[in-house]
Every structure is written in structure tokens, then in C-alpha cells.
Amino acid sequence: MTNTMENIVDTKSLTLTKKDFESDQMVKWCPGCGDHAILRAMENVFPELGIPKEDFVVVSGIGCSSRFPYYMNTYGIHGIHGRAAALATGIKLTNPRLSVWMISGDGDSMAIGGNHFIHIARRNPDINYLMFNNKIYGLTKGQYSPTTPQGSKTKTSPQGVFEPPFNPGELVIGAQGKFYARVVDTNLKLMSKIFKEAAEFKGASIIEILANCVIFQNKVHSLITSKETKKDNQLILEEGKPMLFGKENQKGIVLKGTHLKAVEIGKNGVTIDDILVHDPRTADTGIHMMLASMAPPELPAAIGVIRAVKTVTLEEQIWGAVKDVKESSSFNSVDDLLNSGNTWEID
Amino acid sequence: MILKKNKVVELEHAVIRFAGDSGDGMQLTGNLFSDSTAFAGNDFATFPDYPSEIRAPQGTVSGVSGFQIHFGHTDIHTSGDLADVLIAMNPASLKANMRWISKDAIIIVDTDSFIDKNFAKAGYTTDPLADETLTGHLVVKAPLTALTREAVKELNLDNKTAQKSKNMFALGIVFYMFNRDYKKTFSFFESKFKKNPLIVDANKKVLEAGYNFGDTIEAFANTFKVEPAPLKKGVYRNVTGNLATAWGLLAASERAERNIFLGSYPITPASEILQELSKHKEFTAIAFQAEDEIAGIVSAIGASFAGAMAVTSTSGPGLSLKSEAIGLAVITELPIIIIDVQRGGPSTGLPTKSEQSDLMQALYGRNGEAPVIVLAASSASDCFYSAFEASKLALEHMTPVILLTDGSIANGSEVFKIPKVGDLPSIHPPIVEANDESYKPYARDNEKLARRWALPGTEGLRHRIGGLEKEDISGNVSMDPFNHERMSHLRQEKVERVANYIPEQEVIGEAEGDVLVVSWGGTYGVMLTAIEKLISEGKSVGLAHFKHIMPLPKNTKDLFSKYKRIVVCEINMGQFVNYLRMQFPEFRYEQYNKIQGLPFMVTEIEDKVNDFLND
Chain R
1 MTNTMENIVD TKSLTLTKKD FESDQMVKWC PGCGDHAILR AMENVFPELG
51 IPKEDFVVVS GIGCSSRFPY YMNTYGIHGI HGRAAALATG IKLTNPRLSV
101 WMISGDGDSM AIGGNHFIHI ARRNPDINYL MFNNKIYGLT KGQYSPTTPQ
151 GSKTKTSPQG VFEPPFNPGE LVIGAQGKFY ARVVDTNLKL MSKIFKEAAE
201 FKGASIIEIL ANCVIFQNKV HSLITSKETK KDNQLILEEG KPMLFGKENQ
251 KGIVLKGTHL KAVEIGKNGV TIDDILVHDP RTADTGIHMM LASMAPPELP
301 AAIGVIRAVK TVTLEEQIWG AVKDVKESSS FNSVDDLLNS GNTWEID
Chain X
348 MILKKNKVVE LEHAVIRFAG DSGDGMQLTG NLFSDSTAFA GNDFATFPDY
398 PSEIRAPQGT VSGVSGFQIH FGHTDIHTSG DLADVLIAMN PASLKANMRW
448 ISKDAIIIVD TDSFIDKNFA KAGYTTDPLA DETLTGHLVV KAPLTALTRE
498 AVKELNLDNK TAQKSKNMFA LGIVFYMFNR DYKKTFSFFE SKFKKNPLIV
548 DANKKVLEAG YNFGDTIEAF ANTFKVEPAP LKKGVYRNVT GNLATAWGLL
598 AASERAERNI FLGSYPITPA SEILQELSKH KEFTAIAFQA EDEIAGIVSA
648 IGASFAGAMA VTSTSGPGLS LKSEAIGLAV ITELPIIIID VQRGGPSTGL
698 PTKSEQSDLM QALYGRNGEA PVIVLAASSA SDCFYSAFEA SKLALEHMTP
748 VILLTDGSIA NGSEVFKIPK VGDLPSIHPP IVEANDESYK PYARDNEKLA
798 RRWALPGTEG LRHRIGGLEK EDISGNVSMD PFNHERMSHL RQEKVERVAN
848 YIPEQEVIGE AEGDVLVVSW GGTYGVMLTA IEKLISEGKS VGLAHFKHIM
898 PLPKNTKDLF SKYKRIVVCE INMGQFVNYL RMQFPEFRYE QYNKIQGLPF
948 MVTEIEDKVN DFLND
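Going down the list, the sequences are from chains R and X.
Counting in the numbering used here, the first sequence runs from 1 upward without gaps.
Counting in the numbering used here, the second sequence runs from 348 upward without gaps.
Heads up, some of the hints might be wrong.
Here are the computed lysine-lysine pairs in the BS3-like style, where the Cα-Cα straight-line distance is at most 25 Å [claimed, not checked]:
id : chain 1 : residue 1 : chain 2 : residue 2
1  : X       : K626      : R       : K323
2  : X       : K626      : R       : K18
3  : R       : K241      : R       : K231
4  : R       : K202      : R       : K227
5  : R       : K326      : X       : K767
6  : R       : K202      : R       : K219
7  : R       : K202      : X       : K628
8  : X       : K539      : X       : K551
9  : X       : K628      : R       : K323
10 : X       : K500      : X       : K511
11 : R       : K326      : X       : K626
12 : X       : K628      : R       : K326
13 : R       : K28       : X       : K787
14 : R       : K155      : R       : K219
15 : X       : K488      : X       : K511
16 : R       : K53       : X       : K787
17 : X       : K787      : R       : K19
18 : X       : K500      : X       : K468
19 : X       : K955      : X       : K911
20 : X       : K901      : X       : K880
21 : X       : K541      : X       : K626
Over the 12 Å line for every Cβ pair with chain X, so calculated as not near, a few chain R residues [to be verified]:
id : residue
22 : P158
23 : G160
24 : E163
25 : K227
26 : G240
27 : K267
28 : T285
Source of the hints: derived by calculation from the structure; they are not laboratory data.
The C-beta atom is built at its ideal place from N, Cα and C for all residues, glycine as well.
Next comes chain R alone, as it looks inside the complex:
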């Protein structure tokens, strides 16, 4: 009788460490690339999720970020350019028990895979989608991507990029996405925390990681990430907390008319009670969309979980329908189906 508890508790999942997920393959990203920090954050988080190590699957498309599966000791599949969302969806629908992590970049997700990006957001399978946004094509060596700032000179935009960039968060929310977070590659602790929240969220959790490409787009996020300017340009969101930022947390965000506005507490009669309180759970897209759109220098960039709205997942619906149909169907075998409807017998 004393053994009962030991028999029930799956101790295997409790003893995992970072080492369990480190692969024996050489990591070939450039020294100083933001991707190294993301890999570390993933290795930190996986052992903490209470999931058996064989239940993780890491899926990717093409690009620097997409070499990721080879660098984690899990089940992994490195797909073709832009299509990782479809791969991940097929895996999750086939075996909903698996913890599916999808790695992609701004070229992979916003350009060639733009269609799949909006559809995975809309369908809401329980997949953790990490989009490394370095605002450049790195692996092909320096062409502009759909998130490269307008006017940037790159190998394929000698006069500066003519096109306005996508804001990934706006796309997620516009496409009926239920979870959207933004993190920076310089904050390992926050990254790990958000990855964990994404893993625990049931649905398509899309995380935009502002990643630095040291070679082709160095410091593209520096206003948001550098030591000197980050306090004024990062609004770190927390559920139920007022939206405060600045060196002494003295600044805040208020809703003025139909716009968000940065204010300073104590100035012009502004008090802490005037500051918006973050509610990532509301289904309403209004404030979430405005938060996703904020950008320096006018407003700080929103960091953290911007939107996390609980709803049914795609695989829950499909497997629920499988169960219902099994219960109501008159076919117990394919033989029953073949012999259904109009048949006739020849003696």
C-alpha cells in the first residue's frame, strides 16, 4: 500500500534538466547572433514544463532560425521555406498529446509563409510559434524582408526599401489570433517566462522575438534593446498591472480619445489611476491591437504577453468530432461502408 503514490506519480518528468535537451550537433549561428540566447531560453524552459522529453517536437521552415531543430535533442523536423506552420499543424492534429514548437523567421513567416501564418493564427491549434524577427534575410546574406523598416538600404534595396513593413502582431490579431507576445533576445529571463506562458496556453501561441542579426542588420532593435534607451522604449506588460515604463517607472500609457498616449505620472495632474491596466484575456481586440502597433520613438514597444484569449483549439474540435461520429456512426468497419447504400447480389 505504501507504494501506491510512487506508482501513480510519473517521476520521469520531474527529473529533466537542460542537459536532456542539448543536442550533440555543432551550433553554426554567427557569434553574437540573438538566436543563441533563444536556444538557451528554450533549453531552460523545456525541463520545467512537466512534459516527457519524447513528447516535444521542434518544427521549422527555412532560414537561420530554422536550423533550430538540429540544435535541440527532441523529435524535430526541418521543413521547407515558409511551410513550417502546415507541418506543425499536421503533427499536432495527428497526435494532440505532443508539445509542438515551431521556429520561424520574418522572411519565413511574413513573406513566403504569410498565408500559412494568418491561417494558423485563425485555426488556433495548440502550437507554440516562435518567430525570430531580425528584420532581414540573413541566410541568403542581406536582402530586405517584409519587416525591414521602410527606407533601409540592403543588398536588394540600394535606394532604401520602398515598401512599408508588416507589424507581425497586427497580423496575428487581425487574423483572429488568440495569443500574441513580443520579447527581446537580450532578456533571457523574460523570454523564458513568456515561453513558459506560451506552452501553458492552449492554442496557437505566437511569440515575436526581436532578434539581432549581427552581420546584416546589426542593432536594428537597439532603440528598444540597448542599455541606455531600453527603459524608455520598452513597456513590459503584466496582467492586471498598470502599463508603466521609464527609468523610474514614472511613465505610463493612457487612452486619449481613440489613441494610446504616453504620459508622466505627476505631470498635468496625471495619477497612477489614470494609467491603463493590462488585460490580455479580453476577447476585444481594440487595446491589444493598439499595443501591438506602438513603436519608438513616439511610444514604447509593448513587450510581454499582449493577448491571451482562451478558446477551443482546432485539435479539440476535430478529435471531439471523431469521438462523436464514432458514437453515432452505423459503420464499425470499412466492410460496413462498402456494403452500405445501393448494393445488389449475384448468386
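Chain R is fixed; fit chain X onto it per the hints.
What follows is chain X alone, placed relative to chain R:
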């Protein structure tokens, strides 16, 4: 010239073509006649011929929808060359079908629609019933619309509703002509219009009125009867190729004990496969309608990695879009069944017409050296067995398989002897047991060269695969030149060794002779009918009809060497013949091609082969 009433003429076989406006219900009429043909014990095959528009302009030739049925006392392998009976619901359907009827065909027309306004729409300058257009034909002129209204008069339906069942009046006449029991069709009305008893009543009355009209007008010198066909003992049903394909996949899923995952995007003429599998969640078949063709196949590859029996279904334009992903399945060596229901191309081409022009795309349409197994189904009912075999080969040899069907067999139907799933071959995918320490992702078995399948979620088998070249055995990424060469040869040889697991090629006719006719895929019925006829006439001819394209059966070369001449017949500009020229350059091949979006006619093949025999 009216002979004695009710004289019954026995026919060996007959072809009927129902034609009308897209909204006239010709497909339903044809299907009900097919059901009645099944009850009568005949063998039969059908083919629908409809425009790609849902409702093309009413009354025009482009809006004509047709349904042809060929039924007989003997084995029937085709939907028939020319019709013996044409039902033309309006002038446009007469105009559209004059070239598809025999010289002495009986024509039944709805005279109510033969009016000036409709002549113009159909492109007639004068009334075709009044001039020489129909000379030589027995024309049954029936005011179908008025008679239909009359038949349902007491039900007080509005004109529009009343006229809707005029197709059943036409069906009644045809039932009379062929001595069919029209009451058997009543049960269909009862189930189809369960919620509307008035409509059930209306259809019954109209069908009966049509039958009685045939009986009373004395337009027919005689009626016809086709005796039951000597079919083998068993239970039968009617299937279209697309339905048979979906069911063949379900049967394979049951035998392999792997759930189906179908990732697809709707496309003519393949959508019915997606629709049918969407209905069968009781077999844990998941049909995922993706956002495009690429996501369709890629989701299936993901599913295959996770352990499903993965399938994608499409037509030519979709196969083009899937090319890169097929390469991913080739290099990851994951099983997937890719069904291409071919249609006329290039580009959007002829969406509702049939062609065999995707063969080269199936064989070679990918970047890099990317061999896959290619099979081709030979008839509507063979789609069942071909889909089953494609699944077995994909799952056991760990490779993509492309199954080619085509619009004519996919939408055409024929009699199908229902097999027992338990009698079909067993399927054993090489799934790795948990904690198998010997597991290496790219280690292979010695016979098939298939790597093993380690499913995510299984303890002790974590591994990574992907689109980058893999090191032999370990599966690690490798850019080593000699490894790439070795892997390229291994992938090729794996597919070639499938020849050890498929049947030898059969020849219909003598094992040697003057002319060997070669064909493949959906032309089987026509080829068989034509060649059997020539053989029965004593001609020195044989037929080798291929279902296995890549690899070819092992005895192919031997078989080709036994004939003086080889003639390859296909619905394209010569894709299979050119493939054969590459495989066996030692033979001289002649070819006969047709590229009109239409199947071969039996007479065309007979004439052509006779030309070769006499040349």
C-alpha cells in the same frame, strides 16, 4: 412505320445519353437510370459530361450537361462510344450531342423547349426538328414540360416547381423503352425528399406518366431488353473512381492500423476524395482542408512524421504547387500518398475534361534527383485497388507514392464487386519499438532499403530529420560530396527495388505476335474492348496495359521483345512512350495520341491498330 406494339428486341448492349441544361437534373436522371440498370443485373459504366461553370448561360451549348451510360449483357468496360438513345431536353443539348450519337440513334426531345428563342441560343437558324438535321433518326417528339405540368395538376404546385420534375418524365419514357420496373425508383424519391411529401408525390406521378406516355403514343416500333450480364457471384455496387479511391484509402488505413490524415485543397476533378474522407471520422480519418495546395501536402508530411497514413489529393495544377514538398518527403523518406486526378492542361486548362498529361510531372517534376513510386489506376473500380496498393507501398517502403487517376475514371462510374477488407493484403509499416537502442534514423533494411519509422512520443527514439541532405545511417546533416552521391543512389534504388513487390506485367492476347499495343492508366476499358475485338477477329495483336509506371514491372523488356511492332496509345502528346524510349532504347516505338480532353473511342483504337496491322 409502326410495327406491332410491345415487340421486345433483345440487345447485347446499349448506350443512352441524357442531355439538358445544367439545371435540368440530367446527372440525377442518369444516376437513377444506373440504379435501375443495376437492378436489371446488367454490367454497366457511366460518364458524366458537364461544363466547368455551375450554371453556364441557360439554353446555350456551353451550358449543356450530359450523362452517358453503357450497359450490357456482356462485360462492359467503357461508357460507350456513340449513343443509341439521346434524350435532349432543349435545342442546345441536341446541338452539343449530335456528334456523339450513332447514325440511327433514337432521339427523344422536349418539344416545349424547341422554340425560336432557344434555337437562337443554341446557334440553330431553323428548327432542327423541321429540317434535315435529324434525317435517319427516330425522333420522339414529346411536349415534356406541358405533360409534366398536366401530370401533377391535382397537386396544385406552382409552375416552376411542377416543371422541375420534367427530367423524371423523360426517365419514365426511357424506362418504358427498356422495360424497366419504374416503381423501384419510388423509394429513392421517398428518402431523398423525405421532408416534402408533395415533391415525392409529384416525382412519382411524373415518372409514371412518362412511362405510360411511352406505352400509349406508339412511337416505338418495339421496346428493348438487355439480359443480365454473367457477373461472378458476389455483392455489387456502383462506384465512381473518386469514391473508390477514398474507400481504397480507408481500407488500407484499416489494414495498416494507421489513421488517415488527408491534407488537401479543393480542386476539380479531385474534390470528391476530400469530401468523402471528411465524412468518415468513425474510422479516425482526419480530412484537413488546408489554405492552399502546399499547406495540404505539407500538413500531410507533418502528419506522416507523427505517424499517420498521410495522403494529399489534387489535380495537375495542384501537383505543380506540391512539387517542392514532394521533394521534402523524398529526402525525409516519409510515407505519403499523393493522388493526382489528371485533367486537361497546361495551367487551368480543361478542368472538367480528362487527359493523361501529368505523367512526366509525376515522374520528374521536382528539383534534384527525387524519385518516387508512380502508379496509375486503370478504371473507376480499380481506383480502390490502386489507392490500396499505393498506401501499402508508401507505408512499407517509406517513400512518397504518386497515384495518377484522371477525370474520366474519377467521375465515371462502373459496377464494382465489393471485396472483403480482410481478404486484402496486410500492411506492415516499419515502426520502431520504444527504446530500441539500435535505431538510427537512416539505417535501412536490406531488402527494401526502407528506413524505419520512429514516431514522436515514443521513448528513446528522439531524432531530427529535414530537407537538408542526410548522412547515411545517422541522419545528421551532411554536405559531404560522396555521402550525397551515395544517398542519391540509395533513394533511387529504394524505388527501383519496388519492382520486387509488384506483379509482373500481363499481356492480353498471345505472348508474341505482330503488334503489341501499350497503354496505361484510365484508358484501360477502351483499350481492352478494342483489342479483345481484334483478337476475336483473329488478328495477331496483344495489349500490355500498365498500372505500374515507376518502377516498371520486371518483365517489361522481355515482353516488348516478343512483338514485331510496339504501338503506345495515350491521351497526351507521347509522355509514356518517351519514358519507355528512355528505359528501353533498344526497341522502336510507334505512337497514337489524342489530346482533345476526351477519352479514346473503341472504334478509333480498332481503326488505328488495324492500320498498323495492315501497314
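Hint check against the structure, violated hint numbers in rising order
Checked against the structure, the hints that fail are numbers 2, 4, 6, 18, 20, while the rest are satisfied.
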